[in-house]
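Chain by chain, the residues run as shown.
There are 2 protein chains.
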Amino acid sequence: MPDPLPTPVITLSMGQLYPWKSSISLNRQSNRAMYLQIVDALIHEIVSGRLAPEYKMPGSRYLASLLELNRKTVSIAYDELTAQGWLKTIPAKGTFVSDSLPQMRPVAPTDAPTSTYLPETSHFKFATLVSSFRSSPKAQLRITDGSPDVRLAPTEEIYRWCRQVAKSATSLRYQDEQGDPYLRDTLAQYLRETRGLVCQTEQILITRGSQMGIFLAFQSLLRAGDTVIVGEVSYPEANRVITLCGGNRQEVPVDEQGLSTDAIKAICQRQPVRALYITSHHYYPTTVTLSIDRRMKLLALAQKYGFAIVEDDYDYDFHYASSPLLPLASLDTHGCVIYLGSFTKCIAPAIRVGYLAAPTDFIRAITPYRRLIDRQGDPVMERALAKWIEAGDLQRHVKKSLRIYRERRNFLSQYLREHLGCTFSFQEPEGGMATWVRCTPSVDPLKLAQYTASQKVSLEGVEDWQHYRGIRLGFASLTSDELARGMDVVVDGIQHIQKK
Amino acid sequence: MPDPLPTPVITLSMGQLYPWKSSISLNRQSNRAMYLQIVDALIHEIVSGRLAPEYKMPGSRYLASLLELNRKTVSIAYDELTAQGWLKTIPAKGTFVSDSLPQMRPVAPTDAPTSTYLPETSHFKFATLVSSFRSSPKAQLRITDGSPDVRLAPTEEIYRWCRQVAKSATSLRYQDEQGDPYLRDTLAQYLRETRGLVCQTEQILITRGSQMGIFLAFQSLLRAGDTVIVGEVSYPEANRVITLCGGNRQEVPVDEQGLSTDAIKAICQRQPVRALYITSHHYYPTTVTLSIDRRMKLLALAQKYGFAIVEDDYDYDFHYASSPLLPLASLDTHGCVIYLGSFTKCIAPAIRVGYLAAPTDFIRAITPYRRLIDRQGDPVMERALAKWIEAGDLQRHVKKSLRIYRERRNFLSQYLREHLGCTFSFQEPEGGMATWVRCTPSVDPLKLAQYTASQKVSLEGVEDWQHYRGIRLGFASLTSDELARGMDVVVDGIQHIQKK
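Here the protein sequences line up with chains A and B, keeping their order. For the first sequence, the positions run 290 to 789 when my numbering is used. For the second sequence, the positions run 290 to 789 when my numbering is used.
Careful, some of the hints might be misleading.
It does not matter which identical chain is used: a pair holds within one copy or between any two.
To be verified - With a straight-line Cα cutoff of 35 Å, these simulated DSBU-like cross-link-like pairs (lysine-lysine) come out: (1) Lys-689 <-> Lys-427; (2) Lys-554 <-> Lys-586; (3) Lys-745 <-> Lys-593; (4) Lys-586 <-> Lys-361; (5) Lys-689 <-> Lys-676.
Rather than coming from a laboratory, the hints here were simulated on the basis of the structure. Since we're looking at a predicted model, the values are computed, not measured.
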């Protein structure tokens, strides 16, 4: 309870002593009305405990002269504070801080308090370990771990569709949280035609990129302690989601055919397995394609032992050798696979539209979940993409990018063979946007990245594969000239490191 | 292990018996090449267990004649299947299904299997209870629970900015998961000017609408069983998130001043409290504004008992009486408040950009979390909004909407007083987009909604307040004419119900 306060009669003289001028700092350039700035400042004094309940406020004439303002401005501020309940006026006595407010513990003026509620739970500690956005603001050239070239992105066409779609009021209202039905229709047809995936409109849930798909899949599949099989190297963001959702990761070897199905079988024989995460088509990070017999063995194991396969097919469209293998989802006759795809790699990371395809019962069960974390998607962008796909522009864009990226991959392979054959071992990838190289023991990728950064070339993501001395060299986002420029710096860096 | 299979010599004749024509159904209108359709179909036969390992395939000439295709098409399909590892050719013997594939358990042909992995965990069962998107496709007029009029939305300007922003490659690449720094800067200034909220750029996390803010706040604050205080009526989507995140909801009464602080205090004296959820400005659903002394008491309680206040200020901008009260966050000197806002109500539900403002330590801790559920926001839209706000267009748009919505509120109040004074009790709301009415016992809101639906007028969300016989009549999204038309149907409905 508040301490008994000095009576108004005594505080009358104190009102004159209060540092009004420094506590009410006015900004004459601000868009906020002057009287509201006084209101804000006085409220701040009250909530900071410096102006206590029953405190007698100075007269408006006195305060106005102190602040070099019109008296009327101060009067309006007092009226506003009175209307809001901060002050009250007692006729013939004056204006006081309301006595119905609690006495606040006084604090030093500070703009940025620390939170009182920062949790110390285990998953929170985990979250703080997650590497954050890797910005290398000074890099002039970025060798990413595999991003599309956004300079090829047909954003002009897509945003033209957006403007068109946004003219319809229907598209601007709240929408089906499963995603635009029109896009789901179009996508079902696209998936059928490009990868033999037979699914109906109601088997598709539109997500924000594949990251939300990964989160939704594991958050809904896992209970604390459930076993999830992943490769000994795997996509770090998926590993983090699995840990966050309480999963217990069991690692299996990854060789040139992909995940070892023998090792998966051995785990299944030992313990119950809830799920498996795989980038089957271009394995992340090593880029290998899971062979057909491993695919069939994996599906047979999933059927036998009843685990879910979360198939993250983030860059199916970009395959440079013969025709791409069908996704596991297209071979799944028993409802074992949750299939994730995205437009991020086809178009640009900024276009945050992905999808999750699975049996209808699972989609129905997780759709309300999606609603709780993020009401719905972007109905304007979703419909715009549907129109753009329907016009055949996605296939045209993929075809064009495929040709360009193949040239860039070939250029990088040739460069690696000619200049780095002794330092890097690699297999030319059959698809995707990056080449996986392993360094000889004499080269520490982290030191190499530090050197290239000093030359304004960033080598992104090397810290994730330090243990394997691996680097993913993203070729898709850079022209041959840029690749040559970046790789020349890498060559310099290796000489620099080996000289030491 | 697969059963021993008939030797190729024996299956030779069986190849002629296989129902090739019905199992390879070709669509000559499809965009998928004919040979790939054969590939897909044969893979489907193998994965379904109907074509077993070591099965001898028919000759390409025979199959081509059966399918009425050029022999070359079948040969290319066989070559592709061989390259992928499905088939293998033994010279002088023929082409066989690969013996390195596992024998699959035969299944009946079906396009839509049910999942083998649908979980039965408790939160999953909960999720299935969540009411899904309420679509009333046949309604010609929707009385929502409070949505903006999207016909006023300045999407033309905003998407013009989007197109402009998307020209810059930087905006299309992966971005800071905390959100566009430029928007966070602009927003910090906007929050300072419009609601006296002093926060720095690093204290803001951009979310997708306020729903993601609610999810992030509770998912990071709560451990299973933690107590969360909510009003006895409250925002249902927030209640669901709290339950999903393991929270134990404790309800307190809501009166005409808002949440009862006495009841909150009583709970705090009884048990540890982790968090409280409140829509302080226009309480959802009852629309009352939390009084100043309750605000101060609530903050004092949060300080004393160490709980977090999740303040969902979803429609701060729309206040029709005097100047709006400052949010709790603006009065928070001790880091007790997590402040949530959104552009959804200002502009349109389709513009999925919201924000969470809190002390820097909390923002730093939860930002990696946001990355795991949804990599990042929409950098193009975020930058476009920043430009649009900077040009002063948000304030202009709010001012214009405010004038229009006030007229609509007034119109609805007058209508209610004139025509429904005996049936509905209500207080004219000081802000927001809906008027909260309570029905007399003789009128069941659900039956009323059924009647209006039959007249193609939807009364949305009534099921949430059935227990209170309450209805939120959203006035903002409808013109006076539309309101009159909708309310006339409500009046008819009441007569219809009471006649029975």
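Each hint, compared with the structure:
no.	hint	in the structure
1	Lys-689 <-> Lys-427	within (31 Å within a copy, 43 Å between copies)
2	Lys-554 <-> Lys-586	within (9 Å within a copy, 61 Å between copies)
3	Lys-745 <-> Lys-593	neither (52 Å within a copy, 51 Å between copies)
4	Lys-586 <-> Lys-361	between (83 Å within a copy, 31 Å between copies)
5	Lys-689 <-> Lys-676	both (19 Å within a copy, 33 Å between copies)
The structure does not agree with numbered hint 3 stated previously, though it agrees with all others.
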